[in-house]
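Chemist: Those sequence lines, one after another, are chains A and B. Okay, so the first sequence: first residue is 1 according to this note's numbering, each after it adds one. Okay, so the second sequence: first residue is 1 according to this note's numbering, each after it adds one.
Wrong hints could be hidden among the right ones.
For chains that are exact copies, the list does not tell them apart, and a pair is met inside one copy or across any two.
With a Cα cut of at most 30 Å, we get these calculated DSSO-like pairs of lysine-lysine [unchecked claim]:
no. : residue 1 : residue 2
1   : Lys137    : Lys105
2   : Lys10     : Lys137
3   : Lys70     : Lys105
4   : Lys10     : Lys152
5   : Lys147    : Lys10
6   : Lys27     : Lys153
7   : Lys105    : Lys143
8   : Lys152    : Lys27
9   : Lys137    : Lys27
10  : Lys147    : Lys105
11  : Lys27     : Lys143
12  : Lys10     : Lys153
13  : Lys152    : Lys28
14  : Lys70     : Lys25
15  : Lys28     : Lys137
16  : Lys70     : Lys10
17  : Lys25     : Lys137
18  : Lys153    : Lys137
Hints listed in this document are in silico derivations from the structure and should not be mistaken for laboratory results. Remember, predicted model here, so these are calculated numbers, not experimental data.
In case you want the letters, here they are:
Number of protein chains: 2
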Amino acid sequence: MTSERSIILKPIGIVRTEALGDEVKDKKHLSEIVIDCELTPALEGITEFSHIFVLFWLSEISVEQQQMMKVHPRGRRDLPLLGVFATRTNLRPNPIGLTLVELVKVEGNVLTVRGLDAYDGTPVLDVKPFDFWDTAKDARVPKWWLKLEEEKKHNA
Amino acid sequence: MTSERSIILKPIGIVRTEALGDEVKDKKHLSEIVIDCELTPALEGITEFSHIFVLFWLSEISVEQQQMMKVHPRGRRDLPLLGVFATRTNLRPNPIGLTLVELVKVEGNVLTVRGLDAYDGTPVLDVKPFDFWDTAKDARVPKWWLKLEEEKKHNA
Numbered sequence: 001m002t003s004e005r006s007i008i009l010k011p012i013g014i015v016r017t018e019a020l021g022d023e024v025k026d027k028k029h030l031s032e033i034v035i036d037c038e039l040t041p042a043l044e045g046i047t048e049f050s051h052i053f054v055l056f057w058l059s060e061i062s063v064e065q066q067q068m069m070k071v072h073p074r075g076r077r078d079l080p081l082l083g084v085f086a087t088r089t090n091l092r093p094n095p096i097g098l099t100l101v102e103l104v105k106v107e108g109n110v111l112t113v114r115g116l117d118a119y120d121g122t123p124v125l126d127v128k129p130f131d132f133w134d135t136a137k138d139a140r141v142p143k144w145w146l147k148l149e150e151e152k153k154h155n156a
Numbered sequence: 001m002t003s004e005r006s007i008i009l010k011p012i013g014i015v016r017t018e019a020l021g022d023e024v025k026d027k028k029h030l031s032e033i034v035i036d037c038e039l040t041p042a043l044e045g046i047t048e049f050s051h052i053f054v055l056f057w058l059s060e061i062s063v064e065q066q067q068m069m070k071v072h073p074r075g076r077r078d079l080p081l082l083g084v085f086a087t088r089t090n091l092r093p094n095p096i097g098l099t100l101v102e103l104v105k106v107e108g109n110v111l112t113v114r115g116l117d118a119y120d121g122t123p124v125l126d127v128k129p130f131d132f133w134d135t136a137k138d139a140r141v142p143k144w145w146l147k148l149e150e151e152k153k154h155n156a
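Bound conformation, chain A alone:
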């Protein structure tokens, strides 16, 4: 064990959305991120970026689920059993969600974003502007990932 110390975070805000269940995975749907009022000044200038990363806390994940080591991507038993760090599953030791979203508008302490796959009431930990260091043009992904995307296209 290399790292015993605990870290304490306090949410900076909360997700508001009318989307239910799998509707939150629809990349076109709009959500609001309501930032705590006292942090409103920390948003100044964010509208100059078209996209932001949202870091949020997957509050529905239990302590037992945080201890899972392996999963089938999206629960699909026809895909390989993989370590949780090789997937984007919610079931991970520190269940922090990370999603790139389009920043549609900002009004006071409320950000309207497109494509946030987080449920209503989800605690938000951070928002960060997206810049061109956040991408890898030559990235390689596994076959199982490409297969899932291909299927999604066919079902769309």
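We have chain A already, so just place chain B on it with the hints.
Modeler: Showing chain B alone in chain A's frame:
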């Protein structure tokens, strides 16, 4: 205040690097991420991705620094004073670092990565594979950001 509850995290590992000071910002330098031994199975399959996001805890940031609302990007007073959420500054309410790195190799519980701007001893919170939903081809960034990049190129 919308979100009173505290969240407790436990690091999954630690950064090991010989780079000191600004050397960690060199995108070419190699670091190791030593994952806690009991989490080694959770890495299975990660080598099929060429790039991963590393989420880490900026442990050198004080409580006072976490309360800062505005900064000049990279401390440059000739650039606009901006809300911390409009920058990638370390000085933010929850000082979580987020960096996309190249995954060079994995041996047991040790990931070797290229381009991690974190100091030796930094606690790691999560690693996530990079896929093509994590990028925005049509992204817009502010003029100050482009200016900084342009300067970096000239100084390289």
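Chemist: Each hint: holds or not?
Modeler: Consistency of the hints with the structure:
Taking the shortest alpha-carbon separations for Lys137 and Lys105, both the intra-copy value of 28 Å and the inter-copy value of 19 Å come in at or below 30 Å. For the homomeric pair Lys10 and Lys137, neither the shortest alpha-carbon distance inside one copy (34 Å) nor that between copies (32 Å) is at most 30 Å. For a Cα distance limit of 30 Å, the shortest separation of Lys70 from Lys105 across copies, 20 Å, qualifies, whereas the shortest one inside one copy, 38 Å, does not. For the homomeric pair Lys10 and Lys152, neither the shortest alpha-carbon distance inside one copy (36 Å) nor that between copies (35 Å) is at most 30 Å.
Taking the closest pair of Cα atoms, Lys147 and Lys10 never come within 30 Å of each other, the shortest separation being 38 Å inside a single copy and 34 Å across copies. Taking identical chains as interchangeable, the C-alpha atoms of Lys27 and Lys153 lie at most 30 Å apart only when both belong to the same chain, with a minimum of 13 Å there against 35 Å between chains. For the homomeric pair Lys105 and Lys143, the shortest alpha-carbon distance between copies (19 Å) is at most 30 Å, but the shortest distance inside one copy (36 Å) is not. For a Cα distance limit of 30 Å, the shortest separation of Lys152 from Lys27 inside one copy, 12 Å, qualifies, whereas the shortest one across copies, 35 Å, does not.
For the identical chains of this complex, Lys137 and Lys27 are neighbours both inside a copy (21 Å) and across copies (15 Å), given an alpha-carbon limit of 30 Å. For the homomeric pair Lys147 and Lys105, the shortest alpha-carbon distance between copies (24 Å) is at most 30 Å, but the shortest distance inside one copy (34 Å) is not. For the identical chains of this complex, Lys27 and Lys143 are neighbours both inside a copy (22 Å) and across copies (28 Å), given an alpha-carbon limit of 30 Å. Taking the closest pair of Cα atoms, Lys10 and Lys153 never come within 30 Å of each other, the shortest separation being 38 Å inside a single copy and 38 Å across copies.
For a Cα distance limit of 30 Å, the shortest separation of Lys152 from Lys28 inside one copy, 15 Å, qualifies, whereas the shortest one across copies, 36 Å, does not. Proximity of Lys70 and Lys25 under a CA criterion of 30 Å is satisfied intra-copy only: 22 Å inside one chain copy versus 33 Å between copies. Taking CA atoms no more than 30 Å apart as the test, Lys28 paired with Lys137 passes in both settings, with 24 Å inside one copy and 16 Å between copies. Taking identical chains as interchangeable, the C-alpha atoms of Lys70 and Lys10 lie at most 30 Å apart whether they share a chain (29 Å) or sit on different chains (19 Å).
Proximity of Lys25 and Lys137 under a CA criterion of 30 Å is satisfied in both settings, with 24 Å inside one chain copy and 20 Å between copies. Taking the shortest Cα distances, Lys153 and Lys137 sit within 30 Å of each other both inside one copy (21 Å) and across copies (19 Å).
Violation of the numbered hints given earlier is confined to hints 2, 4, 5, 12; the remaining hints are satisfied by the structure.
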